[in-house]
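Q: Take a look at the letters that make up each chain.
There are 2 protein chains.
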Amino acid sequence: MSMSPRVVDSVAALRAQVRDWRRDGLSVAMVPTMGALHDGHISLVRIALEKADRCVVSIFLNPTQFAPSEDLDKYPRQLARDLDRLAEAGAELAFTPDVTEMYPTGFATRISVGGPAAGLESDFRPTFFDGVATVVAKLFLQASPDYAVFGEKDYQQLCVVRQLCRDLDLPVEIIGAPTVRDARGLAMSSRNAYLGEAELEVARNFNVALRQTAAALAAGGDEGSTTAEASRALVKVGFDKVDYVAARESLTLAPWRRDRDGRLLAAAWLGKTRLIDNVEVPST
Amino acid sequence: MSMSPRVVDSVAALRAQVRDWRRDGLSVAMVPTMGALHDGHISLVRIALEKADRCVVSIFLNPTQFAPSEDLDKYPRQLARDLDRLAEAGAELAFTPDVTEMYPTGFATRISVGGPAAGLESDFRPTFFDGVATVVAKLFLQASPDYAVFGEKDYQQLCVVRQLCRDLDLPVEIIGAPTVRDARGLAMSSRNAYLGEAELEVARNFNVALRQTAAALAAGGDEGSTTAEASRALVKVGFDKVDYVAARESLTLAPWRRDRDGRLLAAAWLGKTRLIDNVEVPST
Numbered sequence: 001m002s003m004s005p006r007v008v009d010s011v012a013a014l015r016a017q018v019r020d021w022r023r024d025g026l027s028v029a030m031v032p033t034m035g036a037l038h039d040g041h042i043s044l045v046r047i048a049l050e051k052a053d054r055c056v057v058s059i060f061l062n063p064t065q066f067a068p069s070e071d072l073d074k075y076p077r078q079l080a081r082d083l084d085r086l087a088e089a090g091a092e093l094a095f096t097p098d099v100t101e102m103y104p105t106g107f108a109t110r111i112s113v114g115g116p117a118a119g120l121e122s123d124f125r126p127t128f129f130d131g132v133a134t135v136v137a138k139l140f141l142q143a144s145p146d147y148a149v150f151g152e153k154d155y156q157q158l159c160v161v162r163q164l165c166r167d168l169d170l171p172v173e174i175i176g177a178p179t180v181r182d183a184r185g186l187a188m189s190s191r192n193a194y195l196g197e198a199e200l201e202v203a204r205n206f207n208v209a210l211r212q213t214a215a216a217l218a219a220g221g222d223e224g225s226t227t228a229e230a231s232r233a234l235v236k237v238g239f240d241k242v243d244y245v246a247a248r249e250s251l252t253l254a255p256w257r258r259d260r261d262g263r264l265l266a267a268a269w270l271g272k273t274r275l276i277d278n279v280e281v282p283s284t
Numbered sequence: 001m002s003m004s005p006r007v008v009d010s011v012a013a014l015r016a017q018v019r020d021w022r023r024d025g026l027s028v029a030m031v032p033t034m035g036a037l038h039d040g041h042i043s044l045v046r047i048a049l050e051k052a053d054r055c056v057v058s059i060f061l062n063p064t065q066f067a068p069s070e071d072l073d074k075y076p077r078q079l080a081r082d083l084d085r086l087a088e089a090g091a092e093l094a095f096t097p098d099v100t101e102m103y104p105t106g107f108a109t110r111i112s113v114g115g116p117a118a119g120l121e122s123d124f125r126p127t128f129f130d131g132v133a134t135v136v137a138k139l140f141l142q143a144s145p146d147y148a149v150f151g152e153k154d155y156q157q158l159c160v161v162r163q164l165c166r167d168l169d170l171p172v173e174i175i176g177a178p179t180v181r182d183a184r185g186l187a188m189s190s191r192n193a194y195l196g197e198a199e200l201e202v203a204r205n206f207n208v209a210l211r212q213t214a215a216a217l218a219a220g221g222d223e224g225s226t227t228a229e230a231s232r233a234l235v236k237v238g239f240d241k242v243d244y245v246a247a248r249e250s251l252t253l254a255p256w257r258r259d260r261d262g263r264l265l266a267a268a269w270l271g272k273t274r275l276i277d278n279v280e281v282p283s284t
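Heads up: the sequence lines are chains A and B, in that order. Sequential numbering of the first sequence, starting at 1, is according to the numbering used here. Sequential numbering of the second sequence, starting at 1, is according to the numbering used here.
These are calculated hints, taken from the structure and not from any lab test.
Copies of one chain are not kept apart here, so a pair can be met inside one copy or by any two copies together.
Cut-off 25 Å, straight-line C-alpha distance, at most; resulting in silico cross-link-like pairs (SDA-like, lysine to any residue):
#1 Lys-153 to Ala-108
#2 Lys-51 to Ala-16
#3 Lys-51 to Arg-19
#4 Lys-153 to Asp-73
#5 Lys-51 to Arg-15
Can you build the whole structure from these sequences, using the hints too?
A: This is the structure in structure tokens:
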């Protein structure tokens with residue numbers, strides 16, 4: 001039987017707990033989440049606890065990273081279940097601020113990251129990474145963790161957070177964690193909950209197609225025609241729309257070069273649900 | 001005879017020194033400057049040392065807060081003299097990074113503060129406060145001071161820095177320090193060095209006119225006509241152009257209300273030199 005994490009909803013209580021840990025010489029890792037925790041999140045907590053003595057998981061459905069047209073209202077909320085899962089994983093602290101704790105009246109500051117934030121997701125969600133960068137900077141300044149763990153599932157986000165910390169001298173070591181997938185390769189995502197059985201069957205082809213495309217690129221395939229073919233293939237297996245399938249240099253998300261480690265990133269729609277995924281493209 | 005401050009030019013050395021101070025239980029105050037130190041800066045250091053055990057002064061001529069058309073190239077540079085002045089004031093540490101230490105290749109992040117940053121200076125220097133907010137956040141994250149002291153001379157900047165810290169949860173207490181003036185009321189400014197004797201004579205009317213205008217507002221004068229009259233009066237005494245003379249609510253820089261503490265802020269040109277100043281407008 002595992003201990004429930006302590007739950008705090010104020011920045012003051014969060015800071016007091018972290019200060020107590022530091023007084024005892026303990027290191028701290030943070031896992032920022034929007035709740036609706038799944039096996040992917042749990043793997044982040046386990047990695048956090050391999051690096052640090054204590055793990056704080058923030059559960060905050062950040063409105064500033066959703067556009068008005070997006071799925072903020074229907075995004076799954078399940079705090080009690082999330083806390084059970086954190087207990088199982090061994091996280092000591094859950095930080096569950098409400099919107100006014102994070103964005104009090106008069107809040108007026110925005111952080112914009114360029115570099116890896118350009119293109120890909122930003123072409124379709126133009127204010128998304130401003131919302132992510134601002135809330136992540138706040139969470140880091142509230143909790144002052146030594147480490148923070150982000151999943152490679154949101155690969156561009158991971159690159160943006162790394163750039164944010166480097167550029168603003170945020171003293172947090174960012175750890176990228178491998179994507180957790182089901183037996184057939186579907187990446188864990190809170191948004192998978194939106195999918196019906198038939199859609200799940202289609203979704204399971206997403207990663208398969210990306211792995212095939214990455215292999216074709218690594219084998220010498222032309223970048224433009226290979227990624228265009230991948231988009232057509234996704235529609236053929238049942239996706240309704242493909243936002244992008246694109247190869248990039250893996251560290252900076254600069255244009256892809258065969259002689260450097262690459263990443264193939266994609267976003268595609270199944271009905272009203274937008275899925276993203278990515279895979280390595282080995283250098284040759 | 002006073003000790004010279006220790007000079008460090010890397011973030012790593014800055015952090016190591018602050019860490020050593022903290023290990024000894026000492027509190028730390030920061031005074032961010034662009035060099036060309038005058039009595040105004042020295043007063044900030046003295047206030048810093050009343051609040052904290054140690055004072056670090058950054059000297060960094062931040063290019064991102066200058067527009068291409070502005071005076072970055074001719075801004076006074078005088079490090080040896082600055083260090084002498086800091087020795088006199090008792091600052092223990094001078095942080096003198098070069099541009100590549102602050103903005104390494106690939107730097108791509110910008111912090112934008114709304115609220116008090118809107119209007120006034122921003123109407124004439126549209127990217128100025130982005131540059132200020134970004135560099136101040138970096139300096140705070142590099143030095144992690146308990147306090148930072150900013151002069152009321154740059155009153156809007158002081159309001160913007162307060163907003164920045166509140167919004168991003170930067171754990172730094174911001175202290176506003178009264179403007180230091182010469183015997184005839186001219187606010188100390190590094191840019192006064194650009195002025196010839198005749199221009200200095202004109203400049204000494206700036207604060208006089210603002211105090212008269214603030215008194216007229218406090219005595220019931222109409223906001224629009226009183227500030228317009230102030231602009232005409234400044235031109236009459238020899239200013240070449242007035243960017244603005246404007247009354248604002250003193251804490252938020254929201255529109256002025258007679259029943260709240262107010263601030264009268266102004267910017268005006270003498271030849272190629274742009275001066276700013278501000279005074280209180282008491283509530284009635």
